[in-house]
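Knowing the structure of chain U, use the given hints to seat chains C and B on it.
Chains as they are written, first to last, in full-length UniProt numbering: chain U, 1 to 349; chain C, 1 to 314; chain B, 1 to 288.
One should not assume that every hint holds.
Okay, the calculated bits of chain C under chain B, using three or more residues with CB under 8 angstroms as the criterion [unchecked claim]:
#1 18-32
#2 179-188
#3 250-258
#4 263-274
#5 287-293
Quick caveat, the hints were computed from the structure, so don't treat them as lab data.
Note that beta-carbon positions come from the ideal geometry of N, C-alpha and C, so glycine has one too.
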Amino acid sequence: MSGPREPALLRVEDLHVEAPGRPLVRGVGLDVAPGEAFGLVGESGSGKSLTARAVLRLLPRALRTRGRILFDGADVGAFTPAGLRRYRSGGVGMVFQDPRAHINPVRSVGDFLTEGLRTVGGASRRRAESEAVGLLEEVGVDAAPRRMRQWPHELSGGLLQRVMIASVLAARPRLILADEPTTALDATTQEEVMAILGDLRRERGAALLFITHDLDLAAAVCDRVGVMYAGRVVEELPARELERRPLHPYTAGLLRARPRIRGPRGRLEAVPGRPLPAYEAPDGCAFRDRCPRAAEVCAAAPPLRPLGAGRVACHFADEGAPGTDFGEDVGEDAGGGAPGEIGEEDRRG
Amino acid sequence: MNVISFALRRALGLVLTLFAASFLIFGGLYAAPGDPAALLAGGQRPNPEVLAAIRAEYRLDDPFLLQYGHWLAGLLTGDPGTSAVYRTGVGGLIAERAATTAFLVAYAGALIIAAGLGLGTLAALGGPAVGRTLTVATSAAQAAPPFVVATLLIWLFATRLGWLPVYGAGSGFAGRLEHLTLPAVALALSFTAYVARVTRTAVRGELHSDHVGTAEARGLPRAAVVRRHVLRNAAAPVMTVSGLTLAGLFAGTAIVEEAFGVNGLGSLLVQSAARQDMAVVMALSMLIVTAFTAVNTLVDAASALLDPRVPQVR
Amino acid sequence: MSAIHAERVPAVRGALRRAAARDPLLAAAGCVAALAVAAAVAAPLIAPYDPAGVDQLEVFGPPSAAHWLGTDDLGRDVLSRIIHGARPTLAGPALVVLVSGVLGTALGVAAAWFGGRTDAVLSRALEVVLAFPGLVLAVIAAAVLGTGFAAPVVVLSIAYVPVLARVVRAAAIREAHLPYVEALRLQGASGPTICLRHLLPNLAPLILVQSTVGFGYALLDLAAVNFLGLGLQPPAAEWGLMIADGRSAVLGGHPGQALFPAAAVVAVVVSVNVLGERLADRFGLVEA
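So that you can see chain U by itself, here it is in the shape it has in the complex (with noise of 0.2 angstroms):
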């Protein structure tokens, strides 16, 4: 779709998701290539954590899924559930958002890590442990034979989530799931967890698929960043151009809402209005409520299209770039939108 690059390691295609009566995701594509590292970024509500979830099938059933997975060309949704737990014990690992409460608070730390390597790896106890303290030690948990006999309450959270990351890595996947992975910690904690799920990833030619309402952090970590708003993706371009020729009005948006340590002090921007979640989104493009741009054309929903070096879904796009353009006007009023970050995130994306 992009350009020539080598055959995807997951592709999703027209993805729709739907609640009864409410749409959610509204036909998302996107393709990862193996070893890429692709941020999907959005903000609450724009579907982006669904997203992970239907790679995974983990949605739950009161959820009705379209469009196609594929995962190294075979049907994720055709899959037997023997093939399921395959695909989820050696394909895909996940590194959930709240480790607290995603690891299970009455097992120790030890038993967490060591049992998928014990349970469907077939690893002996004994193999699995020594394994596991060298995964501790890897994603820099210090003393970790201690660590393996703690509780998962007796650990801070910045720790935990390292746990997290090392059970992952311990599956050898070939895709890593990271659903912002380090939104529930601190900010000093934040950094170097991402710095360690992105270095043991590189090392171990993994691809990464990083959800996160972070614009910044997605252009530092990943390839690729696809931007999502109200179920869709509305931009995908490679993270370096990001930051210098965003194509859709709202990453620009976002681009000018973000606080900046140097350069003169000015009043923070913000995005008008109020992010909205599929449903209530206008029909067209979702975005012509909040976009500057808007126009009557607008009321036809513009299609993801190539552009330059990504896929852009606005009607205005190639007459310049919107980053430079326009953006005197832009957040005078600034009535919602959170600046710097897209507001907080909800679990369900």
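Only chains C and B this time, still in chain U's reference frame:
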């Protein structure tokens, strides 16, 4: 090791509670109107000399605290006094009946644990139709007290079915099993329903928890997810409730033993209370309170140990 | 007056019908509870016969147009006895809930408000009471005070205090740490004022739900005491006692005398439990 000090502290609390309870029981029955010597002398109009002899024999003229100390010492040394009705030692009366009641409690307890945990887990893990059916059934069963179920069973089995005896305790293991089946069912039914409901709620709660989502995302086999994460985590709350229920069985035996004419400790307590046979009432009350409190304490301690998050040093 | 009435009744009826359609279980439970209360209040007006009216010619009469639920071993009308029996059967648990509710709330709030030694002493005392199963306490009471209506009601009122006091104490501690209580203190409100005018109204839903659940348990406990012959004595009409009285009739193949009052007990307890659950849902409380 703080587990040991934790256990010691619980044991000490248990002893203190029992001590206070024994004081309440003795004090309450001491304050009863009527002359215990007259009761002990039997129905006839006793002459003063006989009364005086009885007073001396049972130390009825001692001060209250001395009498209490005497009674407590008797309890601890296995001599809880003499029955005014049976005119024999209370210890012997209890010993004759203890096996029957213990059998009944164990039988009912086994039914409650097996059926309650089984049905509750089934209701949580089974389909929505299974869940709904069991919820309705348990709601009705939970409101059916032992005396109602006993009456219903007696009617069914005495006049309609006739498969099982509706009277007496039987002898030998097989005889007891046969005779005590209906009493055990009557005693167990509402408790079973309660345990089943609690189990269902706990298992469903764990089933939808985030950490079970993690286990699924790791591709663990369904059986391992259910056993290692769902059931293991639901165990602590379910055990607390089941244990409290079992403790409640000791009091419930009074009802079903009366209803089914089983000569056990429960019916002895009821009959002794009706005839104001104080020595028996005091000893049996103390026995039931001890069993009830001891089981409660054990369950409390065990479920605290099952959950690593409960701080053991408090 | 009558015009207003004529307009209003269909509206009320419509609202009730809609409510019943939304939650038929709650509607059924409400009906059973209302029927039981009405029977207890207006027993002499409703009951077709004298509950003690013996009729030697009508012993073990089957259900008929004259005697809807038949007659018992003394030829008394079973329906009339159930209707009159509603009085002691419901009044007992109502008293238990009322007395233990007042005592439990007072002790729970006091333990939470004063904390420290008061809390420690109260908690230990409640633990000792908690060591006695309600039924055992009622049996002891029968031995000490003799049989009758009052003794089991009094001791169950005491036996039910600890459970409520503990729940109220926990909730009151949570409530007392909320910022608004701090604000009231800073404004100079006295302890009793805060407890009575602010804490209690906020605890009221919890106490109401607990009392509803407690009513069901108290009804079962009191009926059990009467069933054991340690409470009311024949020929009184009370459901637990009627079941006990009917046992020999059951063995003789005439189950109605015992099973109809048994059905009444179960129906009322199920209704009370449903009402308690719905109240808890309504107030957003988790079932204890």
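How the hints compare with the structure:
Given a C-beta distance limit of less than 8 angstroms, the hint that chain B covers the region 18-32 of chain C holds, as 9 residues qualify and 3 suffice. Against chain B, the region 179-188 of chain C contributes 0 residues with a C-beta closer than 8 angstroms to a partner C-beta. That does not satisfy the three-residue criterion, and the hint is violated. With a threshold of 8 angstroms between beta carbons, the proposed coverage of the region 250-258 of chain C by chain B holds, since 6 of its residues qualify and at least three are required. Under a criterion of three residues with beta carbons nearer than 8 angstroms to beta carbons of chain B, the stated coverage of the region 263-274 of chain C is upheld, 5 such residues being counted.
Residues of the region 287-293 of chain C with a Cβ under 8 angstroms from some Cβ of chain B number 4, which satisfies the need for three, so the listed coverage holds.
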